[in-house]
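Sequence lines, in order, name chains A and B.
Quick note: the first sequence uses my numbering, first residue 595, plus one each step.
Quick note: the second sequence uses my numbering, first residue 161, plus one each step.
By construction, these hints were calculated from the structure, which means they are not laboratory data.
Any given hint could turn out to be false.
Claimed, not checked - Okay, derived cross-link-like pairs now, BS3-like style, lysine-lysine, Cα gap no bigger than 25 Å in a straight line:
1) A/K638 / B/K234
2) A/K648 / B/K234
3) A/K697 / A/K709
4) A/K648 / B/K252
5) A/K766 / A/K745
6) A/K669 / A/K994
7) A/K669 / A/K836
8) A/K623 / A/K638
9) B/K304 / A/K669
10) A/K697 / A/K638
11) B/K252 / A/K994
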Amino acid sequence: MTQIAQDEPAVVIIGSGAGGGTLAYELTKQGIPCVVLEAGPYLKNEDYENDEWKAFHQMAWLDPRTTSGSWRIAKDFPALPAWIVKAVGGTTTHWSGATPRFKDHEFKALSTYGKVEGANLLDWPITLAEMEPYYDRAEIAMGSTHRHGRKALPANNNYKVFANGAERVGYKMYATGPYATNAEPYDGRPASIQDGFNFQGDKSGAKWSIMVREIPRALETGLLDLRPDSHAVRITHDAAGKADAVIYADKDGHLQRQAARVVCVAGNSIETARLLLLSDSSRYPKGLANGSDQVGRNYMRHLTGSVYARFDKPVRMYRGETMAGLIADEARHDPSRGFVGGFYMETISLGPAFLAAFAEPGAWGPEFAEIMNAYANTAGMWIVGEDMPQETNRVTLSEKVRDQWDLPVANVHFDDHANDVAMREYGYGRAEAIYGAVGAIGHHRTPPYPSTHNLGTCRMSADPSDGVCDRNGRTHEVENLFISDGSQMTTGAAANPTLTIVALAMRQADHLAGELKRGNL
Amino acid sequence: MEMTRSVPSGSASSVAVSTVADDNYKRIPIGLERGSGSRKLLARMLRVMFPHPQIGDDPYIRTAEAVLNMACEKPGRQVAFAAAIQDLMNLKFEEMDDAAALDHLRGMQGHDFFTQVQGSALLAFYDDPEVWEALGYEGPSFDKGGYVNRGFNDLDWLPEPRIEEYQGGEA
Ligand SMILES: Cc1cc2nc3c(=O)[nH]c(=O)nc-3n(C[C@H](O)[C@H](O)[C@H](O)COP(=O)(O)OP(=O)(O)OC[C@H]3O[C@@H](n4cnc5c(N)ncnc54)[C@H](O)[C@@H]3O)c2cc1C
């Protein structure tokens, strides 16, 4: 592998997930050498475990974090606000694969929804029209089904229940995708064997992840210096205020310094904000690029909630692609439902180990056992919708807890907005109607899991006082510092975020490559 | 029964804590060691907590062992568990019928001992392959070629749904 000297000012990317991994490939492909610092280990697909807890303990981010606020997570999982992966490839290793695009009006949330009390809505400084070519490129890269000639995945058992229910309640916009897993061989990767292990990392390689595409291809260019087990702890700057290096702790906890010409942060919203807050100085007393005091604020996690329904006949929801089923009829803005924004419904399945832990945290006794007893006859769906950005929903540095490097950990504060609560209640009702229409004999409303979609802590804004970065992800305050992950998102939209994160990273790579070639950076 | 509340318990917070000590509880004679009856008592408590009549005693016993191992990781917890278990023995918990036992456990809800047993037992019990089998879950599948030829789409009590997107535009 290429080695870039530590004193050579390089393009340094922090994090190797959807955002950072895409950026690294798109830049090296254009001839630009990059250093990628990844806090987690370099695991390969063959290392992944077909076992929920083993996989979780193998790869999830388990460094301490703390929580506060009225969200239920703070009570049930106080040390685990989010389900994020710490490994090369980031959370695209555990992700599922749903790839809907954001809608035109969702880039204009403030103009479309109007002022919503308590929410910090804003229009994005970019539009769907500008994103469309990048959405095309991202879908082609990820091999989204139903797009660009990619075949649809077949219906699995969980989908059969879901889609028949949808049809019977009058929904039209259901399908087995778009979903970034191959129905037939594509791009050097095999077709799905429907093994049911998505959230644990896909051993077969049928599922797109940064580990099966961007990392190996970036390495092939000979221009990627990938450093696993390298945890960035501070971004430093020169006397003029430009970022000039990244300090990181290596595997043994020894500090290393990589000189930087450009720094791109893609640590997944919580860690991205934390790193900027940790990089304070007398010039940037509130943290790097935080003159607006917006770093860490407007943290979003999508609405989410699940419904598990019981039938008197077998379903076996765990067989097959976990999330290859989506209903889009409710993903519209229609305030007559009692809330702004929309939501998707998507199939979901957990094994008994995770269902027991997450179906109703803290539950026990005969009613809980009934949920578990019905396992083989259970169908499941996830509700994922737009939640409101709020200034007080916020990542800050903990004053009490420190991590293995003795650095303050992130505290994640979250309160549901009334709009979130109204949408979730409505979504639960629709999910129950769907399952009721195909004969469910019981159902359970499951609260949000530790957040899998973490967004918005360094949002894009046209006006520097409203956000942290501009339409290219460049921070308003530090001209060679970029935000390259989901923290850029001005608002969350209803759709799962990864397609948009990848498209934004592709767009940013083009911008960066142009600026570098023009000598502007 | 009231126990120290210094440990943040929260049923599922143990999710982020993976370590299960090896079997030191068997050796330390403070009431949790083998032969003390603590394992059997806990197994009974677990059956009342997670009642699955079709599941035999073995998974409950294995789970009781996992709970005791967790309890023995820290001296404070260990001594608290020993006291709580002794208390249940004194109350003849094992002789209570299902309804009385359930009632008794309801009264213990919110206490540290109960919360810790519930949280760690839940993780261990539903992670036991014998329990998976009893619930109808088949476990790892990649090595068996996935389910592509083993019933991923064998549900036959509903019609085959459309898999393509709706062609009629926005509904
Ligand atoms: C179970 C599950 C299912 C999901 N399913 C879907 C889905 O169907 N569709 C969808 O769109 N999305 C899905 N997601 C979400 C998706 O995985 C994320 O949106 C996406 O991976 C986020 O990309 P990212 O680049 O922001 O962060 P990540 O992919 O999380 O990458 C961040 C990386 O940065 C590293 N890092 C953090 N801090 C530092 C530091 N200081 N120094 C060095 N490295 C650091 C981390 O270790 C990590 O590897 C799912 C997530 C989960 C957990």
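Cross-check of the supplied hints:
no.	hint	verdict
1	A/K638 / B/K234	violated, 36 Å
2	A/K648 / B/K234	holds, 24 Å
3	A/K697 / A/K709	holds, 19 Å
4	A/K648 / B/K252	violated, 38 Å
5	A/K766 / A/K745	holds, 20 Å
6	A/K669 / A/K994	holds, 18 Å
7	A/K669 / A/K836	violated, 41 Å
8	A/K623 / A/K638	holds, 22 Å
9	B/K304 / A/K669	violated, 39 Å
10	A/K697 / A/K638	violated, 35 Å
11	B/K252 / A/K994	violated, 43 Å
The structure fails to meet hints 1, 4, 7, 9, 10, 11 from the earlier list, while all remaining hints are met.
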